[in-house]
Structure formats: structure tokens, C-alpha cells
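Sequence order for the protein chains is P and G.
For what it's worth, the numbering used here labels the leading residue of the first sequence as 2, then goes sequentially.
For what it's worth, the numbering used here labels the leading residue of the second sequence as 2, then goes sequentially.
What the hints contain is simulated information worked out from the structure, not anything from laboratory work.
Check before you lean on any hint, since a few could be wrong.
Claimed, not checked - Reference listing, derived: stretches of chain P covered by chain G, where coverage requires no fewer than 3 residues with Cβ under 8 Å from a Cβ of chain G: (1) 25–31; (2) 62–68; (3) 104–118; (4) 131–143; (5) 284–297.
Claimed, not checked - Okay, the calculated beta carbon distance ranges per label pair: (6) G/99 / P/132: 25 to 31 Å; (7) P/10 / G/312: 37 to 43 Å; (8) G/26 / P/220: 39 to 45 Å; (9) G/41 / P/261: 44 to 50 Å; (10) P/230 / G/227: 31 to 37 Å; (11) P/56 / G/322: 54 to 60 Å; (12) P/195 / G/322: 48 to 54 Å; (13) G/98 / P/261: 57 to 63 Å; (14) P/322 / G/19: 41 to 47 Å; (15) G/58 / P/121: 29 to 35 Å; (16) G/188 / P/93: 34 to 40 Å; (17) P/326 / G/188: 51 to 57 Å; (18) G/257 / P/228: 53 to 59 Å.
Ideal Cβ placement from N, Cα and C applies to all residues, glycine included.
Protein chains: 2
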Amino acid sequence: METLKQCMQEVERIFAEEQFLAEPHELYEPIDYTLRLGGKRIRPSMLIAANALFGGDTATVRGAALGIETFHNFTLLHDDLMDRSPLRRGQPTVYTKWDENTAILSGDTMYALAWRYFLRQPSPRLHEILQCFNETAIEVCEGQQWDMNFEHMTLDEVSLDQYTAMIRQKTAVLLAGALKIGALYAGAPQAEIDKLYQFGIHLGIAFQLQDDLLDGYGDTAVFGKKTGQDIRDNKKSYLPLLALGKADPTQADTLRTLFAAKDNMDEEEKVRRVMDIYEQLKLKDDVEHSIDTEFHAAQIHLDSIAAADTRKQPLRDLMETLAGRKK
Amino acid sequence: METLKQCMQEVERIFAEEQFLAEPHELYEPIDYTLRLGGKRIRPSMLIAANALFGGDTATVRGAALGIETFHNFTLLHDDLMDRSPLRRGQPTVYTKWDENTAILSGDTMYALAWRYFLRQPSPRLHEILQCFNETAIEVCEGQQWDMNFEHMTLDEVSLDQYTAMIRQKTAVLLAGALKIGALYAGAPQAEIDKLYQFGIHLGIAFQLQDDLLDGYGDTAVFGKKTGQDIRDNKKSYLPLLALGKADPTQADTLRTLFAAKDNMDEEEKVRRVMDIYEQLKLKDDVEHSIDTEFHAAQIHLDSIAAADTRKQPLRDLMETLAGRKK
Numbered sequence: 002m003e004t005l006k007q008c009m010q011e012v013e014r015i016f017a018e019e020q021f022l023a024e025p026h027e028l029y030e031p032i033d034y035t036l037r038l039g040g041k042r043i044r045p046s047m048l049i050a051a052n053a054l055f056g057g058d059t060a061t062v063r064g065a066a067l068g069i070e071t072f073h074n075f076t077l078l079h080d081d082l083m084d085r086s087p088l089r090r091g092q093p094t095v096y097t098k099w100d101e102n103t104a105i106l107s108g109d110t111m112y113a114l115a116w117r118y119f120l121r122q123p124s125p126r127l128h129e130i131l132q133c134f135n136e137t138a139i140e141v142c143e144g145q146q147w148d149m150n151f152e153h154m155t156l157d158e159v160s161l162d163q164y165t166a167m168i169r170q171k172t173a174v175l176l177a178g179a180l181k182i183g184a185l186y187a188g189a190p191q192a193e194i195d196k197l198y199q200f201g202i203h204l205g206i207a208f209q210l211q212d213d214l215l216d217g218y219g220d221t222a223v224f225g226k227k228t229g230q231d232i233r234d235n236k237k238s239y240l241p242l243l244a245l246g247k248a249d250p251t252q253a254d255t256l257r258t259l260f261a262a263k264d265n266m267d268e269e270e271k272v273r274r275v276m277d278i279y280e281q282l283k284l285k286d287d288v289e290h291s292i293d294t295e296f297h298a299a300q301i302h303l304d305s306i307a308a309a310d311t312r313k314q315p316l317r318d319l320m321e322t323l324a325g326r327k328k
Numbered sequence: 002m003e004t005l006k007q008c009m010q011e012v013e014r015i016f017a018e019e020q021f022l023a024e025p026h027e028l029y030e031p032i033d034y035t036l037r038l039g040g041k042r043i044r045p046s047m048l049i050a051a052n053a054l055f056g057g058d059t060a061t062v063r064g065a066a067l068g069i070e071t072f073h074n075f076t077l078l079h080d081d082l083m084d085r086s087p088l089r090r091g092q093p094t095v096y097t098k099w100d101e102n103t104a105i106l107s108g109d110t111m112y113a114l115a116w117r118y119f120l121r122q123p124s125p126r127l128h129e130i131l132q133c134f135n136e137t138a139i140e141v142c143e144g145q146q147w148d149m150n151f152e153h154m155t156l157d158e159v160s161l162d163q164y165t166a167m168i169r170q171k172t173a174v175l176l177a178g179a180l181k182i183g184a185l186y187a188g189a190p191q192a193e194i195d196k197l198y199q200f201g202i203h204l205g206i207a208f209q210l211q212d213d214l215l216d217g218y219g220d221t222a223v224f225g226k227k228t229g230q231d232i233r234d235n236k237k238s239y240l241p242l243l244a245l246g247k248a249d250p251t252q253a254d255t256l257r258t259l260f261a262a263k264d265n266m267d268e269e270e271k272v273r274r275v276m277d278i279y280e281q282l283k284l285k286d287d288v289e290h291s292i293d294t295e296f297h298a299a300q301i302h303l304d305s306i307a308a309a310d311t312r313k314q315p316l317r318d319l320m321e322t323l324a325g326r327k328k
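With the hints as extra help, turn the sequences into a complete structure.
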């Protein structure tokens, strides 16, 4: 595995060879649909890259690669239902294409299937691997709950630290967990695994902050969705939380009012007014600085790992790919 | 563990000593509520009884006992949401007391917590134990899907065999799985585990058939709910499916019509007419015969297990308790 692309191709092969359909088909068709929708399959690619970093044989992590992606897709399936998101990767979500009960039960079954994939692949460190997977799963659930809690809170009630803790749980721990699991299968030393985990955490936070930034400043043609959606949704993302801390009393009051606005407000006018304040505060520079800080921390952890430099290439590719999203 | 009562008391102790509350409390309060609602805790009691049957130390299965009950309660939580059941054990279900999203996410988290409990308890056969737990979970999901499929099917479209296969997956495999896991922790020989598993399957089917019978013929004061609910719900339970096979053409047509009836029909009149046909067919005798056959098969498997007879007492108590529900 010399490049990220090779890791991703391996993941595609693994998924292409796997059969997801079974009886009752009312249960498994939505599972097959979800797992065939594609996506970048970042987590299993990272797992394979981490395994190769410590000289592991990719054949020994096929189950774990399937397991981590199946779990991730299960969380998306249930999140889409909870968030009432009609589309995922440009296609109807399961609860809209089928119904709510199908989304609940197919999701539950995907979670069990993720375990089946993990249990398929023996390892002397299987207990540790399964514990890592499970504690990660619990953190992802907790992160989703904090995210839902924030929806009902005002801008003042959510601190920047709380927000960062939430995205750490909801996004970063699964990326870090995927890396850790790949390294555990390769029998990597604990100290190196810890560094790799921290690399994943910082990368995950950088990734999410970038997502927040792109919502405000992304190029719609590249980003693939309309900007300003977080503002329309009153979402307490990194941008308004950081802005509130920098704002003068008048700007702060305007932000509070706009982020508490109900549906009866003109949405485009709201986006424009929020973005105006962001501009006045030169917020973009600050957010980019935060992102760079996280990428830099990730870089330092990756550099410090005792492994051949050439073997780090897929993870360097990954960092560059993620960092390059803004372009 | 000399009696079922002792096993149940041990389970109560285990649950009393466990802390289910954590942060975010919006996530964990519904979990604590669900796990503190009580119930008979049959599955962990069976797990402990099976462990003791082969000379296991109860302290080694505390995690598994918590895990199996937490999993069972997770399935009830999601089933209640899918079935829109407002009450469970006489108390509001999670989706009514909180909301749908809370029911989805707290349920998902309970499933992850079940794994945490299982992973807490090491065993030389842990891999086999976890595989048993996971394959059981998948079967329970499949059984729930078949049950939901049957709702949209006519009486003629569901065969008695399909119905039995459904209750086997939805109810019996979890009872059998609990027994198997308890025995695996005790290091029981495979052949004995297989017999114990079959005991659990037959017991589980008997239990569910009895539930179906009680819906028609139970003593409301003892049964705790109004009889005839399956008939009001057009539920393709064992009773109408067996009745259809015995009915003459006129009775069969009446059953088909009544079990396809929409809400605009007088419900009590419908219950009375279905019960009249059951009486004409002497259906109760047949169902009791089926139940006895399952209990008898369970008994034979239990008798055949190579273990001291006194150690079988808790499982004999269980059979008697379940068999005695009709009284």
C-alpha cells in the first residue's frame, strides 16, 4: 500500500466481492442500497493504511475494513432519520425511499453486521480491537446526542470547548479508531498506536472545522452543496461560536438574534447579515488558522511515529486530500 | 444456584449494583429508565442457571448477564417505537415519555453498552461467546422483520411453518443464546451445549405459543391485559393460522374476512365471531397440545444433558413457571 489511492482501490475490491443481500429482503435491500451508495470510504482506507504502516498484511484486515464502514453507514442511516435529511450522496435516504421502521431496523441490523465482520477476522489482540471498536461506537452515540442537545440551546449556551468536544466524539474518534484498529491488527507497539490515534483525532477535528468553514465560504460548484445551510439551520457550528467571542456587543446581539430566528425570517437576508459580520470580524482567517493548527498537530504526530517514511505516504496523501478540500 | 429464584435474586443484585447514568444525561436517562423498569429478567437468570449447571462461578458471568438483558431491553425499546406501543410494563415507553429520536439513539447506545458488558468479562472462549451473541442479535432483527412483513400479508399468505420460524428467531433464539453463553463461560462440552440450546429453542417456542393462546383464552385478571388484542390487530398469530387449516370453507371465509377487516368494524363483535369459530374448531385443545409438545421436547433435551440432576433445578423451575402461566 504505497498510496492512499491503492488503499481506496483495495476497499473497493473488498466491497465489490461482498454479498449484502439476504432474506428477509425487506431488511437487507436497504442495507445493500446503503452500502452500495459509495462515498469516499475514508475510514476503511485509513484502517488499511494504518495496518500497512506497521507491515500488516491487508488480507488480515478485510473484515475490520468492512466492519468500520458498515458501522459508519449505520450511524449515517440513523442520523439521517433523526435529522430528517432526505438526501445522502445525492440519493434518497432509507427512511424516505422506504419508511421509518425500515430505517430503524435495517440500521440496527447493519450494526450487528459490523460486528459479524469484525468477529470474522481473528487476531491475538482481538479483545483490544473489539473494545476499541465498541468504545468508539459509544463515543459516536454520545457525540450525536450532544449535537442534538446543541440544537435546542442558544449561541451563548454552547462554548467553543463543548463544540470541539462534540465534534471530537462525533467525527474524530471514528477516524482515530479506524487507524488504531488497523495498527492493532499489524501488532504495532502501544506507543506508536497512541501517536497514530492522536494523528487521527487532530485530522478529524481539522476535517470537521473545514466542513464548517466550507459551509460559509465553500465554492458551491466544488463543495457540492449550497453555502450558508448551517446559518439557515441556526446550527451552533465553529463559525458563529468563534464569532461570538470576537464580536463587539452590537455584533454579538445581532448574531444572537439571527441564530435564534425562526422560520418566518427571510433566509437569504439572514445568511447575508451573518456573513457580513463574519467579514467584519475577518473570521475566515481565524478559522483557517484553527484548521492549520489541527493539521500541524496531526503532522507532528505522524512524523513522530517510528515507521519507515515511505510507509507513511498513504496517510500523508490523506492529509493533503483533506487539506486540499478548500481549493 | 439451587433454584430459579436464587438466579433471579442474583440478577437483581447485579442490576442494583450497576450504574447506568452518565453524560449526556439526555442519552443515559432513558437507558437508566428502561433498565430500571424491571421485568422478570428471564434471560440473564437463564444465563446464570446454565453457567451453574456446568459448575461455573456466577461472578464470571455478571457482565454477560448484564449484556444479554441490556440487549433484550434495547430490542424492546426499538420494537415499541416501531410498533407504536405506548406502554411497557405498565409505564410509558421511551418514545412517548421522551421522543422518537431519543428512542432511536438511546436504543443504539444500549446495544453498544451490551457489548461493553460482554467485553468486560474475559473467557478462553470469548470469541465463540461473542459470535453466539452477535448471530443471535442478527436473528432477532430478522425475526422482527418477518413479524412486520406478516402484518401486511393475508391469513392465507402466512404459513404455520413461516410463523413458527418467525417466533423461533424473534423469541426463542435469544433464550437459547442466553443458555449457550452461560454454558460457554462454564467451559461446558459442545455436545451438552447443543442439547441446552435445543432446550431453549423449544422452551422459547412454547412460551410464545402460550402467549398467543393467552391472548385468546387468558384470564384478564391474571394475564394483566385485555384478551382478544391479537384479533383486533388482525395479527397472524398461531391461533388463526392453525384455525384456517382446520376450518371448513365457510368458517375459513369468515376468518379471512375478519382478519382483513379495517378499523370500521365493531371490534368486540369481531373478537366474538373469531372466538366462536375457535370454539367450534376446539382450537384451544390443539394449541395446548402444540405447547405441550414443545415443553415435552424441551424436557427431553434437559433430561439428556450430562450434569448432576440437582443442578438442573433452576431450569426445571423455569419450565414449570412458564408452563404454569395459564393457571
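Legend entry - Structure-inconsistent hints, enumerated in ascending order: 2, 5, 7, 10, 13, 16
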